[in-house]
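Residue numbers (my numbering), protein chains in the order written: chain S, 1045 to 1393; chain U, 1252 to 1461.
Accuracy of the hints is not assured; some may be wrong.
Unchecked claim - Computed list of lysine-lysine pairs in DSS-like fashion (alpha-carbon distance at most 30 Å, straight line):
{"id": "1", "chain 1": "U", "residue 1": "Lys1304", "chain 2": "S", "residue 2": "Lys1221"}
{"id": "2", "chain 1": "S", "residue 1": "Lys1171", "chain 2": "S", "residue 2": "Lys1099"}
{"id": "3", "chain 1": "U", "residue 1": "Lys1283", "chain 2": "S", "residue 2": "Lys1267"}
{"id": "4", "chain 1": "U", "residue 1": "Lys1299", "chain 2": "S", "residue 2": "Lys1221"}
These aren't lab readings, by the way, just hints derived from the structure by calculation.
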Amino acid sequence: MPVSQHTKEGVDMGLFRMFAYSVSPQRTVDVRAVPIGGKIAITSELKAIMAMNAKRAGFESKPLADFAVDPQTRTNAARDHIIDLAFGGQEHATAAALALATTLSNAMDLRSSHCLFIPTVESERQKRKVVLWMFPSDEVFRLVTAGGKTDISVLNDIFSQTSHHRKAALFAGMNLKTEFLSGRILDQQANSPDKNIADFWIGRFLNCYSSITSDAGTRLLAKIIRRTFELIDSPNGKEQLNASVFAVRHSPQRRLSLSTFADRYLDAQVKEIFLRCSPNDQSRNGVFEFKREIFDEQLQFRVFQLNTGVFVSSPISQVGSSVLIRSGRTRKLSCAGTIVDEKLRYRHG
Amino acid sequence: MARDLVSQYNERAEVLARASQYLESEVREALKVIRHVDRVYFRRKETKSFVDKATDPASDPPYTEPLIEIEDQIAGRVIVLFLQDIPEVVTGLSTVFNRIEHKKRRPVRDAEFGYQSEHLICIIPPQAKPDDWDRFDNMPNTFELQIRTIFMHAYAEPEHDLDYKGSLELPADIRRELAWVAASAWGADRALQRVYDWYRREVSKKSDPN
């Protein structure tokens, strides 16, 4: 299945606005302080650094999130600020950058350390690309060797560009009411089992939802598993898929994407078929909350055809208990139970 | 501009049509558990209708980027039996789509009768985009969904052809005839809901006589 490289986000644009704020966690404090910072001059060195950060972020494969827009007024405060930042005059853009920094600080509680918040805007004709960066603070040593003396000092106000806790969000488009509705999210903590941590960047700060809802994502996963099952010839591959169904149903890790599912449970060959069966790159990387009850509705039965012409249709939960499969040179099935009903049929089904 | 638009729209028409099929199956799946869904269907906008809308001088503000701005290039409709089913369907749809607009369309004045329907604008989810979606620039981000009862639909469909998209200026008495149809549909919906409410009460009494 071809995967397009031609995405809006992939277009190179010129950096034309950049702000920087030192942001402290204020969600749980009584008196809130205004973040310190403002507009910064764009130098060629800064341009290169931000370009490197964007490359490292790999936005094109990051999951999409949609703004939680009020369906009556069609507004979302974070989206409105981002649009002002991108298209507003200097005064509006500066106010929007500060408002975003303030929203970020109000979304952070004391579990986070202070951070560097950098909103950037790139421009190409009517299109703008906004990237909101959050680099966490770090503690680093400086080694000083001068005049035959060696010393170390501890540097404060240092922010890490490579930390796993750094976050970013990319939104691109024109100044239209149908644009800037979704963005690519870099957040390696979004799959955290701790909901507070997982929701911080996408939910509390950006006020976004995952583009793939829990129900739709879970159904999609079940559908792709079914398709993959039909395409796989080897018993081992089928067994692996069955094991993956069992494992995902019992995993405490509820947030996943098709890609993380494939990485976690499938070997290279089955994984390749599984990912080929998924609709596109965006849906492969879209994160959703796994819902077991929806999954079970979609994948309720395993159907076996035996060499005798007998079909055995078993609830998944019975495989391994009342329905036993023995592996060997050939796979053998046996099942036992009390007959509670029977039917005559023209054909199987 | 119109000729350019025609060719640009035609190039992507097949992709939009496939996306509308995917969305239709998402909606069917999401509403499977809801009783009283009479019909679900989607379509991609016809080229002529798209270009007419894009170049309509009455659009305020005028469309500058119609390929992105026109939100019903892909549109779906859910027809239900009873008034009470509409909110249930809206809730069911919100489990699969992120919506950005929800409007209850009805006449502005209480004493008027006319078009009634609920309109949602939702973001096209990743799984509904065909794999060649990104081959085109300026693809739409949103689609429209209309939810209405059979009676709302019975008024809306002929009215759409005769009045809304019709080529004639309707005289007053004909307009009044149409308003009567709308009023009848409004009344029929309420009556049917009352009948259903009675039916449910009776069924529940029978199943639990105490």
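So, against the hints stated earlier in the document, which numbers end up violated here?
No hint contradicted; all consistent.
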